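> Sequence:
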Amino acid sequence: RVIEAEVIRLIDDAGALRGEWAVKSGAAVLTMFDKAARPRFRAQVGIYPSVTLIDEQGVERIELFDAPDETVMRFRDSKDVSRLYAQLSSDASLSLARPNGTTGVLLSISNQGVARLITSDSEGKPLWNSPQEQPRNDK
Numbered sequence: 287r288v289i290e291a292e293v294i295r296l297i298d299d300a301g302a303l304r305g306e307w308a309v310k311s312g313a314a315v316l317t318m319f320d321k322a323a324r325p326r327f328r329a330q331v332g333i334y335p336s337v338t339l340i341d342e343q344g345v346e347r348i349e350l351f352d353a354p355d356e357t358v359m360r361f362r363d364s365k366d367v368s369r370l371y372a373q374l375s376s377d378a379s380l381s382l383a384r385p386n387g388t389t390g391v392l393l394s395i396s397n398q399g400v401a402r403l404i405t406s407d408s409e410g411k412p413l414w415n416s417p418q419e420q421p422r423n424d425k
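The opening position of the sequence shown corresponds to residue 287 in our numbering, with each subsequent residue numbered one higher.
Calculated from the structure, these hints are not laboratory results.
Treat the numbers as computed from the prediction; the structure is a model and nothing was measured.
Mixed in with the good hints, there may be bad ones.
Here are the in silico distance ranges between beta carbons for each label pair [what the hints assert, rightly or not]:
{"#": "1", "residue 1": "Trp414", "residue 2": "Leu303", "range": "18 to 26 Å"}
{"#": "2", "residue 1": "Leu303", "residue 2": "Asn415", "range": "44 to 52 Å"}
{"#": "3", "residue 1": "Ala322", "residue 2": "Ser368", "range": "20 to 28 Å"}
{"#": "4", "residue 1": "Gly410", "residue 2": "Arg324", "range": "27 to 35 Å"}
{"#": "5", "residue 1": "Asn415", "residue 2": "Asn386", "range": "20 to 28 Å"}
With a straight-line Cα cutoff of 30 Å, these simulated BS3-like cross-link-like pairs (lysine-lysine) come out [as the list claims (entries may be wrong)]:
{"#": "6", "residue 1": "Lys365", "residue 2": "Lys321"}
{"#": "7", "residue 1": "Lys310", "residue 2": "Lys321"}
{"#": "8", "residue 1": "Lys365", "residue 2": "Lys411"}
{"#": "9", "residue 1": "Lys365", "residue 2": "Lys310"}
Note that CB positions come from ideal geometry on N, CA and C, so glycine has one too.
Model the full assembly from the supplied sequences, consistent with the hints where possible.
Now the structure itself:
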């Protein structure tokens with residue numbers, strides 16, 4: 287049997303919305319709701335696939351997405367400020383931010399194996415930058 291629909295809703299025994307599978311703006315979206323009908327989890331495939339965890343206040347706290355040239359994981363605090371950002375593209379990087387959103391530490395490793403560490407002050411101005419390392423060619 288085949289069931290076709292633009293929206294499929296999952297309700298609990300009290301009739302509260304607990305899940306929804308729909309096509310929105312061309313993207314297939316699965317949203318799960320808590321007992322208070324607040325969205326808490328979303329997985330979607332549109333331009334690129336993504337998964338998002340949402341807190342009780344509606345802030346998207348954790349986001350994972352896979353674009354054609356990069357994979358990203360982002361963690362936000364309760365005030366919706368991005369605090370931890372991990373990216374994998376041709377390079378791999380990890381950025382830690384202060385509560386005001388400025389980057390405090392940036393760690394990266396290039397595709398050629400060159401590692402960098404940069405620390406910044408509360409305004410985002412660099413305090414320390416690791417020496418430029420040349421990749422080793424150990425054979």
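> Taking the earlier hints as the rules, which of them does this structure contradict?
Violated: hint 1 alone.
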